[in-house]
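Visitor: Chains as they are written, first to last, in UniProt numbering: chain B, 1 to 368; chain H, 1 to 361; chain P, 1 to 436.
Capping the alpha-carbon separation at 20 angstroms, the derived lysine to any residue pairs in SDA-like fashion look like this: (1) Lys-237/B x Asp-254/B; (2) Lys-257/B x Arg-160/H; (3) Lys-25/B x Gly-350/P; (4) Lys-93/P x Val-126/P; (5) Lys-62/B x Gln-289/P; (6) Lys-132/H x Ile-406/P; (7) Lys-215/B x Val-345/B; (8) Lys-274/B x Arg-360/B; (9) Lys-62/B x Pro-300/P; (10) Lys-237/B x Arg-160/H; (11) Lys-25/B x Arg-287/P; (12) Lys-305/B x Arg-243/B.
Just so you know, these hints were derived from the structure itself, not from any lab.
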Amino acid sequence: MKGKRLLVLLTLLLAGSALGGCGFKDIDKRFFVVAMSVDPSGKEDKKYLVTVKLAIPSPSEKFGSNQYTLVSEDTDSIAQAVRIIKSKVDKELDLGHLKAIVIGRELVEKGNMDEVMDWFVRRRDIQNIAWVAAGVPDGRSILDLRPPTERLPSNMLFMSFGQVGTETAYIVSEYLFDFRRRLRERGLDPILPIVESRGDQQVAINKVALLDKNKMRLVLDPLDTKIFNSFYQGIGKYDIQIRQDQGYFIISADNVKGSFTIENVQGKTVITLKPHIHGIIEEATSPISKTELAKYERQAEQEIKERALQFVKRLQQANIDPIGFGLRYRARHPGNPDHVWKKWVELYPEVEFRVQPHVRLTSTGQLG
Amino acid sequence: MNRYFVYLVFLNMLVNIVSYVPQILIGSRFQGAIWAILASVPIGMLLIYTCLKSMSRFPRQGLTDILDSILPRWIGRVLLLMSACQFFMAGCISLLSIADTSIRYISPETPLVMGIFMFLIVICMAAVHRTKQVLYLVEIILFIDVPLILFIIVKAFWNRSYDWDAVATVGMSYSALPTWTALSAATYIFSGYSDLVVVHKAFKQTPSPKSVWLFGALGLAILFASFSIPIAFQGADGVSDYIYPWIITADSMRVELGIVERVLPLFLLLYSGISLGSIIVRWHIASDLLKDCLPSSWSRKKPLTSWIFFAFFASVSLVLAFFFNENNILAVGRVWLNFRLPSEVLIVALILIAARRRRTS
Amino acid sequence: MAESSDFVIRQLDHHDTTVHLFYLKSICDDLKIQRDLVLPLYQADRAESYENYVRSLINQKTSSSPGQLLERVIKGEAIVCIEDTFIANVPMKKPLNSSPGPAEVEVSVVGPKHAFSEELDTNMNVIRSRYTESSLTVERANLESHPKTEIAIFYDRELVDPEVLEGIKKDLKRISDHIVIQAAGQLQRKMSPARRTLFPTVMITERPDRVVLNLSQGKVAILVQGTPFGIVAPAVFYDFMTAMDDVYSHYWTSRFLLVLRYIGLFFNLTMASFYVGLTSYNPEFLRVQLALSIAGSRAPVPYPSFIEVLFMLLMMELLTEASIRLPRTIGSTATTVGGLILGTAATQAGLVSNIMIIIVACVAISNFVLPINEMMFSMRVMKYVFLGITTIFGIMGLVIAFIGLIVHLTRKQNYGRAYLRFFAENGKVVPRKEAG
Numbered sequence: 001m002k003g004k005r006l007l008v009l010l011t012l013l014l015a016g017s018a019l020g021g022c023g024f025k026d027i028d029k030r031f032f033v034v035a036m037s038v039d040p041s042g043k044e045d046k047k048y049l050v051t052v053k054l055a056i057p058s059p060s061e062k063f064g065s066n067q068y069t070l071v072s073e074d075t076d077s078i079a080q081a082v083r084i085i086k087s088k089v090d091k092e093l094d095l096g097h098l099k100a101i102v103i104g105r106e107l108v109e110k111g112n113m114d115e116v117m118d119w120f121v122r123r124r125d126i127q128n129i130a131w132v133a134a135g136v137p138d139g140r141s142i143l144d145l146r147p148p149t150e151r152l153p154s155n156m157l158f159m160s161f162g163q164v165g166t167e168t169a170y171i172v173s174e175y176l177f178d179f180r181r182r183l184r185e186r187g188l189d190p191i192l193p194i195v196e197s198r199g200d201q202q203v204a205i206n207k208v209a210l211l212d213k214n215k216m217r218l219v220l221d222p223l224d225t226k227i228f229n230s231f232y233q234g235i236g237k238y239d240i241q242i243r244q245d246q247g248y249f250i251i252s253a254d255n256v257k258g259s260f261t262i263e264n265v266q267g268k269t270v271i272t273l274k275p276h277i278h279g280i281i282e283e284a285t286s287p288i289s290k291t292e293l294a295k296y297e298r299q300a301e302q303e304i305k306e307r308a309l310q311f312v313k314r315l316q317q318a319n320i321d322p323i324g325f326g327l328r329y330r331a332r333h334p335g336n337p338d339h340v341w342k343k344w345v346e347l348y349p350e351v352e353f354r355v356q357p358h359v360r361l362t363s364t365g366q367l368g
Numbered sequence: 001m002n003r004y005f006v007y008l009v010f011l012n013m014l015v016n017i018v019s020y021v022p023q024i025l026i027g028s029r030f031q032g033a034i035w036a037i038l039a040s041v042p043i044g045m046l047l048i049y050t051c052l053k054s055m056s057r058f059p060r061q062g063l064t065d066i067l068d069s070i071l072p073r074w075i076g077r078v079l080l081l082m083s084a085c086q087f088f089m090a091g092c093i094s095l096l097s098i099a100d101t102s103i104r105y106i107s108p109e110t111p112l113v114m115g116i117f118m119f120l121i122v123i124c125m126a127a128v129h130r131t132k133q134v135l136y137l138v139e140i141i142l143f144i145d146v147p148l149i150l151f152i153i154v155k156a157f158w159n160r161s162y163d164w165d166a167v168a169t170v171g172m173s174y175s176a177l178p179t180w181t182a183l184s185a186a187t188y189i190f191s192g193y194s195d196l197v198v199v200h201k202a203f204k205q206t207p208s209p210k211s212v213w214l215f216g217a218l219g220l221a222i223l224f225a226s227f228s229i230p231i232a233f234q235g236a237d238g239v240s241d242y243i244y245p246w247i248i249t250a251d252s253m254r255v256e257l258g259i260v261e262r263v264l265p266l267f268l269l270l271y272s273g274i275s276l277g278s279i280i281v282r283w284h285i286a287s288d289l290l291k292d293c294l295p296s297s298w299s300r301k302k303p304l305t306s307w308i309f310f311a312f313f314a315s316v317s318l319v320l321a322f323f324f325n326e327n328n329i330l331a332v333g334r335v336w337l338n339f340r341l342p343s344e345v346l347i348v349a350l351i352l353i354a355a356r357r358r359r360t361s
Numbered sequence: 001m002a003e004s005s006d007f008v009i010r011q012l013d014h015h016d017t018t019v020h021l022f023y024l025k026s027i028c029d030d031l032k033i034q035r036d037l038v039l040p041l042y043q044a045d046r047a048e049s050y051e052n053y054v055r056s057l058i059n060q061k062t063s064s065s066p067g068q069l070l071e072r073v074i075k076g077e078a079i080v081c082i083e084d085t086f087i088a089n090v091p092m093k094k095p096l097n098s099s100p101g102p103a104e105v106e107v108s109v110v111g112p113k114h115a116f117s118e119e120l121d122t123n124m125n126v127i128r129s130r131y132t133e134s135s136l137t138v139e140r141a142n143l144e145s146h147p148k149t150e151i152a153i154f155y156d157r158e159l160v161d162p163e164v165l166e167g168i169k170k171d172l173k174r175i176s177d178h179i180v181i182q183a184a185g186q187l188q189r190k191m192s193p194a195r196r197t198l199f200p201t202v203m204i205t206e207r208p209d210r211v212v213l214n215l216s217q218g219k220v221a222i223l224v225q226g227t228p229f230g231i232v233a234p235a236v237f238y239d240f241m242t243a244m245d246d247v248y249s250h251y252w253t254s255r256f257l258l259v260l261r262y263i264g265l266f267f268n269l270t271m272a273s274f275y276v277g278l279t280s281y282n283p284e285f286l287r288v289q290l291a292l293s294i295a296g297s298r299a300p301v302p303y304p305s306f307i308e309v310l311f312m313l314l315m316m317e318l319l320t321e322a323s324i325r326l327p328r329t330i331g332s333t334a335t336t337v338g339g340l341i342l343g344t345a346a347t348q349a350g351l352v353s354n355i356m357i358i359i360v361a362c363v364a365i366s367n368f369v370l371p372i373n374e375m376m377f378s379m380r381v382m383k384y385v386f387l388g389i390t391t392i393f394g395i396m397g398l399v400i401a402f403i404g405l406i407v408h409l410t411r412k413q414n415y416g417r418a419y420l421r422f423f424a425e426n427g428k429v430v431p432r433k434e435a436g
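Here chain B stands alone, though its shape is the one from the complex:
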């Protein structure tokens, strides 16, 4: 009885191995795509220049062991490009570790992001937690960086976006799924962090491209990026420069959490921004008195108010909404979602903004 059962099981296994068994591919027979870029093609009749960054594994990881090769292809579709690239390399392309998607700035400006992203979202083997960014001057040159401090190809990008290594409010990171959500969500517009190649194998990530549902509309400079970040992910260390008399002092805040409310005040829709800043004074040009912290708080609030107001006005003028005012409006107004949305589209250009910053300084640092 038992023996028979064993025999049956064995036959099943054998049958299974005849049917299955495919899909067995050793790790050293695969090429891991760690990053990928899409640029507009230089050729007239082609649409995209797709570049994949293939990591070359080294037996011992050490600094500078970030060996890689870039393979590019001009095609009309990304899927096609990947098929052709497959034929150019000797190992199986594995997209399971694709963690950074860099889209060339030109392509972001040209628009049609929905079409570009479609392949990435549709593929089952691409991580939804891959980071998306815009590359300046183009995607390929961002991929083709070889900082000597890296242990893995493109690890610098992963560390910066993951905020594992450096923690700073200048870096905004965007996941693939979130980018896709923003492309589809009414009332929340897509964003893309901008990665700039600076020469000497270095990059700068401190700007953000703001898009409407189709293409790039606005680029935020580092200061505005910081303000935006407080409403977006609210992580990283902040430094805020406040003008004071002839000089300035700088507030260092562990994190800044921005919140906002939408109210209807006398028939007018008012959005009140409430950034909360909790920090210490880190640097000052003139002597700072500990007893006058309250005064500095007021000064800081005044300055932040001006800057934030300027920032949201710019958004309003460009008619984009990366912070999600529209979504909040939809979340507060019951009824048919399409009607609510239509109403908001009419309202948004007329909305009045108010800023009520709350600054709290706890210390003046090590100097009294």
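We have chain B; now place chains H and P onto it with these hints.
Guide: Relative to the frame of chain B, chains H and P by itself:
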């Protein structure tokens, strides 16, 4: 309180994710899903309460004995057959769904039929045994899987990408009245109690109806999680683009400090365990009900009988897997859910009538 | 019988009485015979008083048929005849290595240090003196083997589940073999209804304290003449994961050790399979750093991952087997040579990857965490089953196989007791009927 009953209800609540409940609710998120969720809690609690209260008059008896006490034999057999079909389909749909997702995301090169075959071996091996052993198995599976699943769910709520505004946007459509399908899908969460039709025979005592509050709260929480987490991650508008919103959502989480960075494999592997447990319970019940439908001359004890049933179950599942794709399966799941609610209400009503008659006589 | 050179017939004459003693010189204690049987004869004044004296020596086991007498002689008794009439058979056996040695297989840190001895009588003494309850019952019996083996069945008649006892006795009676049974493990194999099961259903232990503990939990213990190991039945999965130290040490430490053992079990079963599954089917589940370093270290390896794993596991099994059978002094050299040199050389030669060495070491070590040998051996075999399934079906197959293992264990029955349950009713006394 009987802990095995809690396990069964809880197992059913967790497994809703692979039974197309989130898909259906998300599909009608602007057309009455909110109402369906809110209405399902009292409906579910009422059904559980009535069932437990009535069943307590029939200690150590199953549905067969209860039906026989009020209905002519042949009508009872027809109802049993119907109920068995319900349980079989419940298991079958979960099976197709979990096999499809796990094959698609974990080993895409394996043919679907092959994957289902693997599942079937384990399922039939387990479901053919006595009710008690099935319950022990469920207990172990739950204790291995549930802590990690709860970890994923709790982590989802803490995630920065969890967007409350998107959830609230969906919540603003509360005025729309629910569709029948949405209501059926939402009440599915609570239908774990119906396992009692067979499992009751293995219980020394009927579980106390007081536990209904626990199930109400738990059900609402899990229903909310399974409905809102995909919406919060994929957006109120974009979420319906995906065939398996939960899978995409699991892939959208990242455990920075975990052994594996991606949640998706963990989630899928845990859920294949949970679904296997649930399928085993369902099919065990279905085969037991079918055994009761056999003419009394046929001996229940014959192990061959169960094996014939399971061979039948397995071949039907394989045929379905062969001919259907994920969209068809979703349609089948929808139809099945639509039928499930009325038939469940009917069974509970019959049990109630039987209980009343027993009290008066 | 007389052909045997150690068979002795002594004739003693005193007054006018003639007494004959028959015994086997090789197993009887000569001094004792001299003191207890020979001297009293010369001190007695009459034949009747000597006869009475001899009768008082024995515990009323006077058997008269020649066949049975022969058996008594073989068992080490001396037969006393006065004037050609049979009087009595008196046990005169010279005990062999009757002192219990230190426990070597199941070592405990703070528990009792001694194991059973190889002599049944001594072992009965050991158990009796540890289990001081009048309800402890001992039944001696012979197994139907050739030659017959003496066993003793112990149980607490107030705690034992009568059904379990009945079942065990029935299984013992069923044994009829033409080969001698000399070890507890052999008896276990013969007892078990499923001939080819992989998982042990009774526990073999050399620790008297474990036997006593299990007796107080209502279990049945069987001791076999000639071996320092006893059998405890019924045993469930949980029993095989506990060491006696769990009872002796602090609550949290013992819980920690228990958890550690389950983790070890999990590693032991799945580690090698995970390596194959992750490197050959789903490298995207690994972190990218790890994936690249595995890929890098696997680059010189010409074989597919499962052959690499099999090769190293086989190497490890050989090492383990070699070091078990070798004398202790050489054993450590063998492991050093094998473990250190072979491992390093294999990686340098490009036969296996660095990470593979770590995994094999982990698998080997985690196997030894299991406290009971039988379970250790079962799991050692089990991991190859997992490896095979994973090689064919990938990670998904591994998970399904794991659940299949749980299914197999839960459906296993052991004298009416479920083999695997989450809350095993182990520590509780009187587990007569299972709760529903």
